[in-house]
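Engineer: Sequence:
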Amino acid sequence: MNSLKICVAFVYIFAIANAGFSGSYGDDHGEGHVQLSQTVEIEKPVPIPVYQHVGVPVPHSIPVPVPKPVAVPVPQPYPVHVHVPQPVAVPVIKTITVPIEKPVPYPVEKIVHFDVEKPVPVKVEKHVPIHIPKPVPVKVPVYKVIYHHGKH
1 MNSLKICVAF
11 VYIFAIANAG
21 FSGSYGDDHG
31 EGHVQLSQTV
41 EIEKPVPIPV
51 YQHVGVPVPH
61 SIPVPVPKPV
71 AVPVPQPYPV
81 HVHVPQPVAV
91 PVIKTITVPI
101 EKPVPYPVEK
111 IVHFDVEKPV
121 PVKVEKHVPI
131 HIPKPVPVKV
141 PVYKVIYHHG
151 KH
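Last residue of the sequence shown? That's 152 in the working numbering, and every number before it is there in order.
Because the hints were derived from the structure by calculation, they are not lab data. Among the hints, a few may not be true.
Unchecked claim - Simulated DEER-style distance windows between Cβ atoms:
{"hint": "1", "residue 1": "ILE6", "residue 2": "ILE42", "range": "20 to 28 Å"}
{"hint": "2", "residue 1": "PRO67", "residue 2": "ILE6", "range": "15 to 23 Å"}
{"hint": "3", "residue 1": "LYS5", "residue 2": "VAL66", "range": "14 to 22 Å"}
{"hint": "4", "residue 1": "LYS44", "residue 2": "PHE14", "range": "17 to 25 Å"}
{"hint": "5", "residue 1": "ILE62", "residue 2": "VAL82", "range": "55 to 63 Å"}
{"hint": "6", "residue 1": "PHE14", "residue 2": "GLY55", "range": "51 to 59 Å"}
{"hint": "7", "residue 1": "ILE6", "residue 2": "ILE62", "range": "38 to 46 Å"}
{"hint": "8", "residue 1": "LYS110", "residue 2": "ALA89", "range": "56 to 64 Å"}
{"hint": "9", "residue 1": "PRO129", "residue 2": "VAL108", "range": "52 to 60 Å"}
{"hint": "10", "residue 1": "GLN38", "residue 2": "ILE6", "range": "29 to 37 Å"}
{"hint": "11", "residue 1": "HIS83", "residue 2": "PRO63", "range": "41 to 49 Å"}
To be verified - Keeping only pairs whose Cα atoms sit at most 25 Å apart, straight-line, the calculated SDA-like set for lysine to any residue is:
{"hint": "12", "residue 1": "LYS44", "residue 2": "VAL11"}
{"hint": "13", "residue 1": "LYS5", "residue 2": "VAL46"}
{"hint": "14", "residue 1": "LYS44", "residue 2": "ASN18"}
{"hint": "15", "residue 1": "LYS110", "residue 2": "ILE93"}
{"hint": "16", "residue 1": "LYS5", "residue 2": "PRO49"}
{"hint": "17", "residue 1": "LYS5", "residue 2": "VAL64"}
{"hint": "18", "residue 1": "LYS5", "residue 2": "ALA17"}
{"hint": "19", "residue 1": "LYS44", "residue 2": "ALA9"}
{"hint": "20", "residue 1": "LYS5", "residue 2": "SER37"}
Don't be surprised by glycine CBs; every beta carbon is placed ideally from N, CA and C.
Based on the provided sequences and hints, a complete structural model is requested.
Structural biologist: This is the structure in structure tokens:
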């Protein structure tokens, strides 16, 4: 409700300030402004809806008693001493022979049939072809020189 009043008051103050500024522009003192239209202010009451705040109950958690287990003592059987005969140790002498197996090494000879090539020097002649371009015939002019002395 208070915020609504503040909002309405702010709108009224803004309207009054705006009316004051617009009134200062409208007076005719010969500055060359020509009034083209005339504005008439009419006051009309506008109904403003007033909203009433209705309280809505907010659900709260309700404590619910939770039943807890109750410990009831149960009679337990009491211990009774019972004689249990224990076995008597009797010495037994017995000899057990355990054979020890040791592997005996023996030579393994395998005969492999293949020829063994012995290294023999072999002369290898390598021929590397070298490309030699063929000569191109060039036409050379032959001039006949005439010597006037007889030595040649």
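Engineer: Are the hints correct? Go through all of them and say.
Structural biologist: Here's how the hints hold up against the structure:
no.: 1; hint: ILE6 with ILE42: 20 to 28 Å; result: holds, 26 Å
no.: 2; hint: PRO67 with ILE6: 15 to 23 Å; result: violated, 55 Å
no.: 3; hint: LYS5 with VAL66: 14 to 22 Å; result: violated, 50 Å
no.: 4; hint: LYS44 with PHE14: 17 to 25 Å; result: holds, 18 Å
no.: 5; hint: ILE62 with VAL82: 55 to 63 Å; result: holds, 59 Å
no.: 6; hint: PHE14 with GLY55: 51 to 59 Å; result: violated, 33 Å
no.: 7; hint: ILE6 with ILE62: 38 to 46 Å; result: holds, 39 Å
no.: 8; hint: LYS110 with ALA89: 56 to 64 Å; result: holds, 60 Å
no.: 9; hint: PRO129 with VAL108: 52 to 60 Å; result: holds, 55 Å
no.: 10; hint: GLN38 with ILE6: 29 to 37 Å; result: holds, 35 Å
no.: 11; hint: HIS83 with PRO63: 41 to 49 Å; result: violated, 60 Å
no.: 12; hint: LYS44 with VAL11; result: holds, 16 Å
no.: 13; hint: LYS5 with VAL46; result: holds, 15 Å
no.: 14; hint: LYS44 with ASN18; result: holds, 18 Å
no.: 15; hint: LYS110 with ILE93; result: violated, 52 Å
no.: 16; hint: LYS5 with PRO49; result: holds, 12 Å
no.: 17; hint: LYS5 with VAL64; result: violated, 45 Å
no.: 18; hint: LYS5 with ALA17; result: holds, 19 Å
no.: 19; hint: LYS44 with ALA9; result: holds, 17 Å
no.: 20; hint: LYS5 with SER37; result: violated, 35 Å
Taken one by one, the earlier hints fail for this structure at numbers 2, 3, 6, 11, 15, 17, 20, listed in ascending order.
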